[in-house]
Amino acid sequence: MISPMSQPVDSSSNALETSPRSAPALHRQPIISTIGARAFLLEAPGDFDLASQRRIWALAQALRQWDALGEIVPGMTNLLAIFKITPEDPDAVTARLREAWERAESIDIKGKTIEIGVIYGGEHATDLAALCDHTGLTDREVVRLHHEGTYTVFALGSAPGFGYLHGLDPRIHMPRKTVPSLKMAKGCVTIGGMQTGVAVLTGPNGWNSIGFADHQMFDPKAAVPAIMAPGDTVRFLPERIEL
Amino acid sequence: MIEILNTGPLNTIQDIGRPGYRDIGVTASGAMDPLALKIANLLVGNEEGAAAIEVQTFPFRLRFSAATAFAVAGGGRATLDNVILPPWWSQTAGAGQVLELLPSPASARAYIAFAGGVDVPLVLGSRSTSLRGAFGGIDGRSMTSGDILQLGEPARTVFAADGLGVVPPATALSALFPVAADGTLLVRALPAGEHDLFGADAERFWSQSWKISPQSDRTGYRLSGEPVRPTAPVEMRSYGIVPGVVQVPPGGEPIVQMSDANTAGGYPKIAGVLEADLWRLGQARIGSRLRFVRSSHAEARTLDQAIAAYVDDVRSTSQMVARALKTIAGR
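Protein chains in written order, with our numbering: chain A, 1 to 243; chain B, 1001 to 1331.
Here chain B stands alone, though its shape is the one from the complex (with noise of 0.2 Å):
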């Protein structure tokens, strides 16, 4: 069991999401950092789309009521009782133990899981918070202080005593996934349907950065920057969406589709950004810069297939670590 002591708003319970469901209007919310969610299972031995929490409003603290493996991946610098732990680490608390999450200057959200996972009732195959819908999660509410959350049958009893880090995504696949000079993020994207009817503008909308502005959330990011329109007005007829769709309101600042992404949508659409590069926009913070950097299927082959070896990776060595560990134990 584990008590919440303190938390900002907007803290939810995320597993990897509901998809299947957008023909009836469902978004398929999830974490933001879906990579981080499934690296902090792994080293709690979870499956790896379990449900954890994600926390995007600092400080936040909770309580162990007993013996627990956590881990925490993602942002966040977190400390139990008071003592600092690497980024992206898996421990055991004792009974009592208190965990600390302060805001990380690079990175946007945390996600901590726990051995057996967060066990809130599935609601449409997934517990991930639906916050428009008020579904899933607790009650489809965010987390408040004083809660207290269940957990589900650990998958294993015996882990690292002195605990179990992994080497980041962003460091282990830095090759894959560049960051340009000044720090701003470049985000792999297709051209959308609209793309070509930017005229010049299109041109401006690759090669200008943009700023993620404060009205950025789980459901979308806007972008401020230079506007970009389109040569003539567009109409369009309601389409299905996904998130990481880049699309273009009348005042010609994009907004960059996420997590908690409407179903359908109307304005036209410049790009979309590849899954494999949604985590870290989900890592991004408000104030930062991003370029879009024109992609291709052939790449984004490539840095799915990146990613999915990373996450093998992790999940066999998890697992061997398990093993000896279990063996030793034994003996």
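Chain A with its partners taken away, still in its complex shape (with noise of 0.2 Å):
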């Protein structure tokens, strides 16, 4: 009903290319912040890379040692830490988090290989002529780009069993829509900023789509129910290209 909120339409996913806000980028020092009484955010110094993230894992695995957590949400190159009742001193907790990001060694996930077959083109690729715009590459350029890619699931989040991926070439690199697709299908193939990822509800969407994905990503009732995990690598095959 509020469609800036559902998936994955976040300001985020054209965040990557430019940051006119001067932090976290540019600081040494992680940010941290909280969103209510109990949640604490820090945020990654430096870039938006894979070395950011891989140590935001060594800190999320750090802290799962932490009794007073209720719950670890890793972000892209941030975590949320979400304590069971409300911390009495805020600022030693500020200070305990710090302490725990200067000690977390970067750590590389050995994740599993995960392929999806995609059909590139037709009817779900609502977005492809704007990318061929805005990159100036054509279709079967931008396909290629994408499906040769190598990706790495960095966080999953937004929607249950949604994984943000990175490793887009910057080439196919492409802002969010300003208006989302009020109804985009779950299974479209869509590129947000620099991430890339498959859509795993139907409903407004910001991301640009190219492509569909007919791949099972979320069973609430299985064992494990989202497919993806962090540090997962994903590749994209191309069943099909209807251009």
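Hints are computed from structural coordinates only; laboratory data are not their basis. Note that this is a predicted model, so its numbers are computed, not measured. Where is the CB? At the ideal position from N, CA and C, for every residue including glycine. Where hints are given, some of them may not hold.
Chain B is nowhere near these chain A residues, computed Cβ spacing over 10 Å in every case [stated by the list, open to error]:
{"id": "1", "residue": "GLN29"}
{"id": "2", "residue": "GLY122"}
{"id": "3", "residue": "CYS132"}
{"id": "4", "residue": "LEU182"}
{"id": "5", "residue": "ALA213"}
{"id": "6", "residue": "LYS221"}
{"id": "7", "residue": "PRO225"}
{"id": "8", "residue": "ILE241"}
Sample of chain A residues at the chain B side, in silico, Cβ under 10 Å [unchecked claim]:
{"id": "9", "residue": "ALA39"}
{"id": "10", "residue": "ILE82"}
{"id": "11", "residue": "PRO160"}
{"id": "12", "residue": "PHE162"}
{"id": "13", "residue": "PRO230"}
{"id": "14", "residue": "THR233"}
{"id": "15", "residue": "LEU237"}
Assembly of the complex is requested from the two constituent chains, each provided in isolation within its own frame, with the hints serving as guidance.
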């Protein structure tokens, strides 16, 4: 009902090429802020890259040992730590999180490789033409650059089982749409900024669709509900190209 | 067994929610007014977080197929076979009796709990309906007329014959949960990450009153008022969020994320509502006004503790009454 909150229309999707906000890219220290009294957000300093994300994964692993935490939500080079009860001294929490960040060594998650068959072009590729206009590439080149890429699952979020994939060729980066598609189908293969992903729900979506994948990403009744996990490698295999 | 006779759209089964899965993109969901849910459950001898019916569109009518202890808390005006029930009330209905809920002016949502709880399958540790994910509750959907709900095994069998009520939290805790003289809801919040990037507009965010727009639902509330904007465009990387986060999309009118909040966001966030005030926001009606009041961790703890004490008080009183009735019944 409130489209800007639906997956994945958050403005982060086109946030990644330029950062008018000086922080955190130009800082050496992480930025720590709060959401309400129980949740603390740590934003890593530096670029939006695999090195930063690996350190976020390491931090998440370290924080799993903290009994006071109820939930740990790694984001895109950031992490939300949700406490079970409101901490008495927020400054002490901030100091402790900073210390944990300093200690967090980069870890390399040896994830699985997921191969996703994609029909490029066709009825679901509603934004392929716009992508060609934006990039100056032909549709064939856009598709080739997309399926030749090797992607890393940075984090899951926004919708059940949705994986934010890093590793998109800079030549096919494209900002999200200012006016989201109101009813983009589950399975659309999309580009949002320097990220790509596969829509897991039918609904409003601000990312740019270039194809379609019939691949079950989430089953709430399965022992492991989400197919993707942070650190996994994703490859897109062109099943068909309809241009 | 319960038969739903009449229901508006978007009434769902909710329990205390499904936290713990945000890292795979799963929204916590759960009651918009968790305090009313807890009280309704405690009055019928359930665990405080058991599954109940959340009614947010009225009129709502259901029929009991057998004698059943139930409680109604939060909003709504309830009648049992056309006899008016007091607010925040529990009673035992007889087989065939009809419970009806009409809207109440002050509160948006009512919770109907039943002894034993609503028996729908647990999905990811919760019975809450996730409409967006299409799972939980009744096959992931809203209730429709004709739905039949099964109930779990009640924890106790003896209830006060004439019913039992509690003093609503807004009354019992009125000193801690103030409302402005003109009826504006005062919502305690802490500044969030991008607060200071709003420059002078940040102060206006706190000082003006905001109206809850019709584009508001369990996902979030869109607020209308004079827009607030950061002094320069703010671009964010996707970050995890929790209900209560106040984000500002480019238009400058804030959105407060609620129970069905997305798990990640990208808009700059100006504030985060204290969890202790979320139940009041969950009861705020479309068209009503609120103002954000800058708070502190210390105040948050005080409020958390006051709510916990109120809930504990209802739990122990309810248990005490149940024990006394059992003793009397055993004579």
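Evaluated hints:
Every CB of chain B lies more than 10 Å from the CB of GLN29(A), the least distance being 14 Å, so the non-interface label holds. Here GLY122(A) stays apart from chain B, with its beta-carbon at least about 25 Å from theirs, past the 10 Å limit. For CYS132(A), the shortest C-beta to C-beta distance to chain B comes to about 25 Å, beyond the 10 Å cut-off, and the non-interface label holds. With a cut of 10 Å on Cβ distances, LEU182(A) stays outside the contact zone with chain B, its closest approach being about 14 Å.
Non-interface call for ALA213(A) relative to chain B: holds, since the shortest CB-CB distance, roughly 17 Å, exceeds 10 Å. The Cβ of LYS221(A) does not lie farther than 10 Å from every Cβ of chain B; its closest approach is about 7 Å, which violates its non-interface assignment. Its beta-carbon lying about 6 Å from the closest one in chain B, PRO225(A) breaks the requirement of being farther than 10 Å from that chain. Taking the minimum C-beta to C-beta distance to chain B, about 29 Å, the non-interface status of ILE241(A) holds against the 10 Å cut.
Checking ALA39(A) against chain B by beta carbon gives a least distance of about 5 Å; that is within 10 Å, so the hint holds. The restraint placing ILE82(A) at the interface with chain B holds, with a minimum CB-CB distance near 6 Å, inside the 10 Å limit. At a threshold of 10 Å, the smallest CB-CB gap from PRO160(A) to chain B is about 5 Å, leaving the interface hint in force. Taking 10 Å as the C-beta contact cut-off toward chain B, the hint placing PHE162(A) at the interface holds, the least distance being around 5 Å.
About 8 Å separates the beta-carbon of PRO230(A) from the nearest beta-carbon of chain B, less than 10 Å, and the hint is met. Because the closest C-beta pair between THR233(A) and chain B is about 18 Å apart, greater than 10 Å, the hint is violated. Given the 10 Å rule on beta carbons, the hint for LEU237(A) is violated: about 24 Å separates it from the nearest Cβ of chain B.
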